[in-house]
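One line per chain: the protein sequences are A and B, in this order.
Its first residue numbered 94, the first sequence is counted upward by one per residue in my numbering.
Its first residue numbered 94, the second sequence is counted upward by one per residue in my numbering.
Just so you know, the hints here were simulated from the structure itself, not pulled from any lab data.
One thing to keep in mind: the hints can contain errors.
No copy is singled out in the list; a pair is fine if it fits within one copy or between any two copies.
[What the hints assert, rightly or not] The list that follows gives simulated cross-link-like pairs (lysine-lysine, DSS-like), each with its CA atoms no further than 27 Å apart:
{"no.": "1", "residue 1": "253", "residue 2": "270"}
{"no.": "2", "residue 1": "189", "residue 2": "142"}
{"no.": "3", "residue 1": "130", "residue 2": "143"}
{"no.": "4", "residue 1": "143", "residue 2": "189"}
{"no.": "5", "residue 1": "142", "residue 2": "261"}
{"no.": "6", "residue 1": "143", "residue 2": "258"}
{"no.": "7", "residue 1": "258", "residue 2": "130"}
{"no.": "8", "residue 1": "270", "residue 2": "143"}
{"no.": "9", "residue 1": "130", "residue 2": "142"}
{"no.": "10", "residue 1": "156", "residue 2": "130"}
{"no.": "11", "residue 1": "142", "residue 2": "156"}
2 protein chains.
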Amino acid sequence: MKYPQGIRQSNRQVPSSNRSHSNRGMSLEEDIDLTNKYYLAMNQAVIHKKPTPIQIVNVHYPKRSAAVITEAYFQQASTTDYNGIYRGKYIDFEAKETRSNTSFPLANIHEHQIEHMRSVIDHQGIAFMIIRFTNLDETYLYGVEHLFEFWDQQQSGGRKSIPYKEIKTAGHLIPIKYQPRIAYLSIIDQLYF
Amino acid sequence: MKYPQGIRQSNRQVPSSNRSHSNRGMSLEEDIDLTNKYYLAMNQAVIHKKPTPIQIVNVHYPKRSAAVITEAYFQQASTTDYNGIYRGKYIDFEAKETRSNTSFPLANIHEHQIEHMRSVIDHQGIAFMIIRFTNLDETYLYGVEHLFEFWDQQQSGGRKSIPYKEIKTAGHLIPIKYQPRIAYLSIIDQLYF
Numbered sequence: 094m095k096y097p098q099g100i101r102q103s104n105r106q107v108p109s110s111n112r113s114h115s116n117r118g119m120s121l122e123e124d125i126d127l128t129n130k131y132y133l134a135m136n137q138a139v140i141h142k143k144p145t146p147i148q149i150v151n152v153h154y155p156k157r158s159a160a161v162i163t164e165a166y167f168q169q170a171s172t173t174d175y176n177g178i179y180r181g182k183y184i185d186f187e188a189k190e191t192r193s194n195t196s197f198p199l200a201n202i203h204e205h206q207i208e209h210m211r212s213v214i215d216h217q218g219i220a221f222m223i224i225r226f227t228n229l230d231e232t233y234l235y236g237v238e239h240l241f242e243f244w245d246q247q248q249s250g251g252r253k254s255i256p257y258k259e260i261k262t263a264g265h266l267i268p269i270k271y272q273p274r275i276a277y278l279s280i281i282d283q284l285y286f
Numbered sequence: 094m095k096y097p098q099g100i101r102q103s104n105r106q107v108p109s110s111n112r113s114h115s116n117r118g119m120s121l122e123e124d125i126d127l128t129n130k131y132y133l134a135m136n137q138a139v140i141h142k143k144p145t146p147i148q149i150v151n152v153h154y155p156k157r158s159a160a161v162i163t164e165a166y167f168q169q170a171s172t173t174d175y176n177g178i179y180r181g182k183y184i185d186f187e188a189k190e191t192r193s194n195t196s197f198p199l200a201n202i203h204e205h206q207i208e209h210m211r212s213v214i215d216h217q218g219i220a221f222m223i224i225r226f227t228n229l230d231e232t233y234l235y236g237v238e239h240l241f242e243f244w245d246q247q248q249s250g251g252r253k254s255i256p257y258k259e260i261k262t263a264g265h266l267i268p269i270k271y272q273p274r275i276a277y278l279s280i281i282d283q284l285y286f
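Taking the hints into account, I'd like the entire structure generated from these sequences.
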């Protein structure tokens, strides 16, 4: 099993020359966490990241101090990373960064995450991807209806990635601001309300 | 920090004389997991338990095998344990067992969980508690509007628990069946649709 992306990202060394002023070297996960905290504080939405699922094998109980997990393993998530409620609607999304400048590799998504997003749509929820092209410093909200198309094409031997140009055209650029960092809900306003 | 209830429960030794046929010694968490799997398989709802939040301190990377977490600690959850979507509505709940026969101790709930449930209601979601009296083998769906009342009374010096009789009266008994184990959504149907 690979070390999950979220953890790796926070340890990642980004050369300072690649950092833009707007991005400030923050990972997409950090940006989304700050944004969700802002939305919650402003009483605009209740959206949280789910904890990384971990299989616990051994726990040690020292006297007079906290239990220590001494052996555990990362598990693959069975759903997407983020969900919650906004304007009475169920919101569900997955966020991914890529270092590619030309395409988003579908290997970043798992089959059960696709199935989960299809179920959310079936039940009248709002599901989407937030995709960041790290080197380009561009972050897009990308509708799952497009994602499903590329996913299904891949299953029948099609390309293994979504071209950057497709995401630029069919997706919605999310501007990076001071507060909230990435105002993805204003795009949801335009698309769904 | 205390070892989280969910893990402790699954290791718990329940004397066989206390087990009823309907309960079969399953923990509330196991019953809800089975029920949610059934709802998902039947395409009735998409509701999942959030993983236990864990703070990772040390990870070891052996060659040619999975990363091992060698030091980690349990963190307190900032929200409730379960959420998802049902009939287009956002669903959010916390599930707790008590061995008391006379009342449900409010110490089982944290302030930030109450705040989270208040936010869910503010945003037109459906929030509730599932409370099991283990020794009585009775499981109730209990609306948060009642919970908030007892919580607020406690804050101003009131009692530290909700009487069993109150939960029996204001709550809704969930029958334990073969499939789904605890059909809590049929009660949600009556209350909200």
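Evaluation of the provided hints:
no.	hint	verdict
1	253 x 270	neither (32 Å within a copy, 45 Å between copies)
2	189 x 142	both (13 Å within a copy, 22 Å between copies)
3	130 x 143	both (14 Å within a copy, 18 Å between copies)
4	143 x 189	both (15 Å within a copy, 20 Å between copies)
5	142 x 261	within (25 Å within a copy, 35 Å between copies)
6	143 x 258	neither (30 Å within a copy, 35 Å between copies)
7	258 x 130	neither (31 Å within a copy, 39 Å between copies)
8	270 x 143	within (24 Å within a copy, 30 Å between copies)
9	130 x 142	both (11 Å within a copy, 21 Å between copies)
10	156 x 130	neither (36 Å within a copy, 38 Å between copies)
11	142 x 156	neither (33 Å within a copy, 31 Å between copies)
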